[in-house]
Amino acid sequence: MNDPWHTLRRFTQARIAQGIVGCSLPTSALLDFQLSHAAARDAVNHPWDVDSFLGGINTLGLEALCLSTQTKSREQYLQRPDKGRCLDELSRQVLYSRNKEQIDVVLIMTNGLSSVAMDSHGLLLLEAITVAYKSSSLRLGPVCVVPNGRVALADEIGALLNARLSVIIVGERPGLSAADSLGVYMTYAPRIGNTDAGRNCISNIRHPDGLSYRAAAIKLDYLSHQSLQHKHSGIVLKDDMPQHLLD
Amino acid sequence: MNYFATVRGKGFNFRDLRTLMAKASPMRSADVLAGLAADSEVERAVAQRLLAEVPLRQFLEEPLIPPEIDEVSQLILDQHDTLAFAPIAGLTVGEFRDWLLADTSDLSRLSAGLTPEMVAAVCKIMRNQDLIAVARRCRVVTRFRNTIGLPGRLSTRLQPNHPTDDPRGIAASILDGLLYGSGDAVIGINPATDNLGNVHTLLTLLDEIINLYKIPTQSCVLTHVTTSMELMRRGAPVDLVFQSIAGTEAANRSFGINLAMLREAKAMAESVGRNRFGSNLMYFETGQGSALSANAHHGVDAQTCEARAYAVAREFSPLLVNTVVGFIGPEYLYDGKQIIRSGLEDHFCGKLLGLPMGCDICYTNHAEADQNDMDNLLTLLGVAGCNFIMGIPGADDVMLAYQSTSFHDALYLRQVLGLKPAPEFEAWLEQMGIFDGQNRLAGSRTVTPLLSNFHGLSGALS
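If you're matching them up, the sequences are chains A and B in order. Sequential numbering of the first sequence, starting at 1, is according to the working numbering. Sequential numbering of the second sequence, starting at 1001, is according to the working numbering.
Any given hint could be a false lead.
[Stated by the list, open to error] With a Cα cut of at most 27 Å, we get these calculated DSS-like pairs of lysine-lysine:
| id | chain 1 | residue 1 | chain 2 | residue 2 |
| --- | --- | --- | --- | --- |
| 1 | A | 72 | A | 231 |
| 2 | A | 100 | A | 238 |
| 3 | B | 1266 | A | 238 |
| 4 | B | 1337 | A | 83 |
| 5 | A | 83 | A | 72 |
| 6 | B | 1214 | B | 1010 |
[Stated by the list, open to error] Among the chain A residues that face chain B by a calculated CB cut under 10 Å, a handful are:
| id | residue |
| --- | --- |
| 7 | 5 |
| 8 | 23 |
| 9 | 25 |
| 10 | 47 |
| 11 | 61 |
| 12 | 63 |
| 13 | 96 |
| 14 | 189 |
[What the hints assert, rightly or not] Not close to chain A: a few residues of chain B, all C-beta gaps over 10 Å, as computed:
| id | residue |
| --- | --- |
| 15 | 1016 |
| 16 | 1067 |
| 17 | 1085 |
| 18 | 1108 |
| 19 | 1171 |
| 20 | 1194 |
| 21 | 1294 |
| 22 | 1392 |
| 23 | 1396 |
| 24 | 1398 |
| 25 | 1408 |
| 26 | 1427 |
| 27 | 1451 |
Everything labelled a hint here was simulated from the structure, so no lab data went into it. Where a beta carbon is used, it is the ideal one built from N, C-alpha and C, also for glycine.
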């Protein structure tokens, strides 16, 4: 039933060259779509094993800090983004009472809409990022692990730790062809009330069909240095990274 | 002004017009999240009844957001044309609904006399069929390399996204779309990264494809307006300048834009001069919930904020305006019912305000919706005369991780409603052997030169 240009699928996961019956999808293509949709729906509700993830961070030789948002359940997380943008009181106290060491970058990790993404790629991406940062001697704070967080949570955590840059790694919403993408958002001078115009985003990080861990880490390192040098981030910070840095 | 009614022995009080508007809105999760929604179904019905009694003039006298603190409010007042308003100046919101439904004339002359708030208000007391019946009578035609929005026509944006912007993968999706008759509104890529070199490469790829096959369409890489401006300075082939816009100054600030910046971008695109018909050089996207998402709604409901974004859009005579109706997620539009309602509202409001409205009929996988809901909205918007919809391989966007409408979906709509592509693009499809002269795919389309030459499409493919 496929179209003759079906071989072009080697260049993309997109559902091209599916064939046509009347004006509709052939039955097999339709049923394939339905199965993918069902899997993506289930992926949204897949739970995150935080303890095992924290153990993995320790194995990398990094300090992990487990924090909580004001979200009480997965169901509430989906309907109340405002709750996922704020720490609960206990977590605030934990950060507030820490010694105020000098931090260039605080890394925050949250399952977001895809625990599968964080479980599949989170530690590998984290490792690549720390390698990239280490070669440029940026001072990292503790790795903050927060279930059910939203992107703007990075403002509060970054502000409480007095970090110059806040970087949040988040499970992106599951799509039909990939339920396991990670996204990274970077904000200079994190403060509550910062807007999305002040963030830089690196998306679609997943192996093997998306952006590689290494490419994402090199891009983040590049943007971090640009941001610290020019003292801003977001729309005004144009990504002019030369391609050869990835070679 | 205070709005008060007693219904069945119970008093209902709405402290201002903004509150009345929010409480009169058909239920959606965005307004619940913002704490603006009606507390009960009866309160909503009472609010709708009171809203129907409000004179249209009241919206000029009681701005929902003061112009002193919001440049969009100021723009709305500046745009208002008293002469165009004259035929309806004495009407209430309820009478305006009756007037719209009873009238049979072309509504395009009215748009300059309407404010987004008037249109949002009447929308709240209209049924879905009212929104369709009235929108059908608003034709908005725009031109670039083809003519979009003519009666009996439906265009599509070919959206060939790829998770790493691989030019070969993008070209493969473009080819697939063209072979299914898609792409007359625009071939528009959402880039995975805003890297300037990357966006430049994609713009060049699109330009090469359009030139090589002399396709009567236009291209766009949907990146921030400041990125498009920088690339125009570097000489990149920018057909359409894209930007997401919202209905308040503060929400636009969260997008990193303001009106002055949009004026500068449009002037730059005009000076580049790639559209020989002149002024339709912008492509805007909107969607209910964006102002709330940016915490920038000023207590105004999501649907009214959305209509205000159209005041921003119409200031710049865009080629295309696309409401991306279910894109953000269930915290703004919970399920298929809310998405369908919202799509019809946005199309109606945009058309009445004189905009070339299209719709990204879509949902995310954490919303309570599926492809059946999209079929419903697709069919309804086809009847309503929507200018364009999205065309995505198999309706599955592999970069943005959401589902929209497919090339197949557009063919379905063409068949059941007899809708043709833009005339110049239709002629090209026939010339390339893709369409058969009767608005259908040709059986012979697999021998089109488009396919045999694919490997010569771009140096990037080698």
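A quick look at each hint next to the structure:
no.	hint	verdict
1	A:72 to A:231	violated (36 Å)
2	A:100 to A:238	violated (31 Å)
3	B:1266 to A:238	holds (20 Å)
4	B:1337 to A:83	holds (25 Å)
5	A:83 to A:72	holds (9 Å)
6	B:1214 to B:1010	violated (67 Å)
7	5	holds (6 Å)
8	23	holds (4 Å)
9	25	holds (6 Å)
10	47	violated (15 Å)
11	61	violated (30 Å)
12	63	violated (31 Å)
13	96	violated (24 Å)
14	189	violated (16 Å)
15	1016	holds (24 Å)
16	1067	holds (22 Å)
17	1085	holds (35 Å)
18	1108	holds (32 Å)
19	1171	violated (8 Å)
20	1194	violated (6 Å)
21	1294	violated (6 Å)
22	1392	violated (8 Å)
23	1396	violated (4 Å)
24	1398	violated (5 Å)
25	1408	violated (6 Å)
26	1427	holds (21 Å)
27	1451	violated (6 Å)
The structure fails to meet hints 1, 2, 6, 10, 11, 12, 13, 14, 19, 20, 21, 22, 23, 24, 25, 27 from the earlier list, while all remaining hints are met.
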